Amino acid sequence: MSTLNFSTNLGDALFDYPIFTASGCASSGKELSQFFDLKDIGAVVTKSVMNKPRHGRPTPRMAETPSGMLNSIGLQGPGIDAFLAQDVPWLVSQGAKIIVSIAGETADEYAMLARKVRSVPGISAIEVNISCPNVENRGLVFACDPDSSARTIDGVRKIIGGEIPILAKLTPDVTDITAIARTVVDAGADGLSLINTVLGMVINIDSMKPHLGGKTGGLSGPAIRPVAVRAIYQVHAAMPHVPILGMGGVTSGRDALELILAGASAVSVGTASFGDPTAIPRIQGELASLLAAKGFASVKDAVGYAHRGEVSTT
Amino acid sequence: MNTINKNAAQISATILSNKRVGAYYQIILAIGDLASACRPGNFVALAVGGDSSRMVLRRAFAISRITHGSASGGAMELIVAPHGSGSKWLCEQSEGVEIDIVAPLGTAFGIPTTPVNALLVGGGYGSAPLFGLAEVLKARGCRVDMILGASTGSKIYAPLEGKRSTSTLKIFTEDGTMGEQGRVTAPIAKLVTEGSIDVIYSCGPMSMLRAISDITNGTEVVHQCAVEEAMACGIGICMTCVLPVQQSDGTVKMLRSCIDGPVMDGSLVAWDVVGKVPPVVV
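For the protein sequence lines, the chains are A and B, in the order given. Residue numbers for the first sequence follow the working numbering, so the first one is 1059 and each next one is one higher. Residue numbers for the second sequence follow the working numbering, so the first one is 1376 and each next one is one higher.
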């Protein structure tokens, strides 16, 4: 049996393994490192960091839903300076590949964050989270609006000249995700992270009011996997050359393969780590066996395989 | 910022026994060598619902007691109220079933190095971890008094063998069906005023923990409380179980109850902003 080539690319960034953490579901990696070596997975995608330290939203911040959960964290974090000074060097010392996720309230804040990220060594890619659902003003969800998405990515592109790939993280809560995807790629994104959580709400039938402190929250977990597969499939069909970091409800090697077949070059695992701290290495092992069993010599051969033989309609 | 309990491990644990005790279930799990790493106050996060479960999150429970040296090695006791779909599933599992657990998690109750007068206060099944704590405190030469409270008698958890480690045990129920009618806070205020206790260890509903902090604040009495917040992961990565906690520089920080807790200094929890967002200090 030939050996499987398990490495993958997102733009110019090379990763030895195709399974990553998902932003916001691994903090900065320290806690998960109690359960496995961070160098043995594709990459740690860190929790979206803003310029200043931030408390986030009030509790309750969580509600379990059938095969999923709603979260309403609101980007609690230490701020970019503390993050770059403490978390990144620690991840580097662990031999982890790092993708830093950034979030801002204005296009200028994203650009400032990108400038700070650029100045620190050891980072493989930057994920620009323009789709966090847990912000005070839904109007701030840049990825719902093509113009502000383009402005934000363009601002980051002017700072990051090509040293590291820029991934734009998009929401599926739009009429046509391929239109937003095209806009951010035209503005300079090297790749796309698909998908962020889906906006949802739970009403507590005891209080008879919205359960979450922030009222609405982001739905994640297996419940949204078909939405992720659909979004990845549509975007890959529209722009087959643009690499996609896929995420959304992956809990097994089978699920990861599904996203890869739809067009993802690598797969992030988020909510599954809450239920199983060793989900990522387990999923990676399952995916390797599955790829080999299906006769794939490499991850790359499987990327977008579901599109083979399709007649392009774009 | 604190870090995850360095002894935390994920193992498959076999249910040794599961029996109903009043309104609760006493579940004993074989955990082997992990038992030696568990301290009173620590908690465990269990996967529920089996392989095809639609419940994707773990359930967190206080470790009520640890035993060593049985035929199957160390064991962990949990007292579970069949409240939601996850805990109901757990209570239905019979002897021999394997449960995926992560333990020990979180901080432990601080144990004094010299003998002190300790008051242990439990609300509902929050009393469960206090009996293991009482044994440890008694072994250190502490005087251990215990006050338990609940809405009704069937919700008081007080095992016979547990009473041996306490000098006195008083029970209060709101409907008067067991012990005295009333809440645990009235006798605590009296004991604190008298100056007869040094440390209060508490575990139970947040409203009870807050009420105790209101009594001890401004006194010499130390209040170590085991907090309860909804958690998605129990291992510090989801950021859902945060509580506002006063820092030494005067600011308030949202700390994770699973990492910086569950045992926290009651005088530092900013109880008035729990469920709100603390003001931003510029």
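Hints are computed from structural coordinates only; laboratory data are not their basis. Hints should not be assumed to be uniformly reliable.
If you want the footprint, here are the derived chain A segments under chain B, 3+ residues with CB under 8 Å [what the hints assert, rightly or not]:
no., stretch
1, 1124 to 1131
2, 1270 to 1282
3, 1318 to 1331
4, 1346 to 1354
Below, a sample of chain B positions facing chain A; criterion: calculated Cβ distance under 10 Å [as the list claims (entries may be wrong)]:
no., residue
5, Gly1448
6, Cys1466
7, Glu1470
8, Gly1471
9, Val1472
10, Ile1474
11, Met1606
12, Cys1613
13, Thr1615
14, Val1649
15, Pro1653
Among the chain B residues that face chain A by a calculated CB cut under 10 Å, a handful are [what the hints assert, rightly or not]:
no., residue
16, Lys1394
17, Val1396
18, Ala1398
19, Pro1487
20, Val1491
21, Ala1607
22, Val1617
23, Gln1621
24, Gly1625
25, Lys1628
26, Leu1643
27, Asp1647
28, Val1655
None of the values given here were measured: they were computed from a predicted structure. The beta-carbon is built from N, C-alpha and C at its ideal position, and this holds for glycine as well.
Now for the hints, and whether the structure bears them out:
no. : hint         : in the structure
1   : 1124 to 1131 : holds (count 6)
2   : 1270 to 1282 : holds (count 3)
3   : 1318 to 1331 : holds (count 3)
4   : 1346 to 1354 : violated (count 0)
5   : Gly1448      : 22 Å, violated
6   : Cys1466      : 18 Å, violated
7   : Glu1470      : 24 Å, violated
8   : Gly1471      : 22 Å, violated
9   : Val1472      : 18 Å, violated
10  : Ile1474      : 13 Å, violated
11  : Met1606      : 8 Å, holds
12  : Cys1613      : 5 Å, holds
13  : Thr1615      : 4 Å, holds
14  : Val1649      : 7 Å, holds
15  : Pro1653      : 6 Å, holds
16  : Lys1394      : 27 Å, violated
17  : Val1396      : 26 Å, violated
18  : Ala1398      : 19 Å, violated
19  : Pro1487      : 29 Å, violated
20  : Val1491      : 33 Å, violated
21  : Ala1607      : 5 Å, holds
22  : Val1617      : 6 Å, holds
23  : Gln1621      : 14 Å, violated
24  : Gly1625      : 15 Å, violated
25  : Lys1628      : 8 Å, holds
26  : Leu1643      : 16 Å, violated
27  : Asp1647      : 13 Å, violated
28  : Val1655      : 7 Å, holds
Of the numbered hints listed earlier, those contradicted by the structure are 4, 5, 6, 7, 8, 9, 10, 16, 17, 18, 19, 20, 23, 24, 26, 27.
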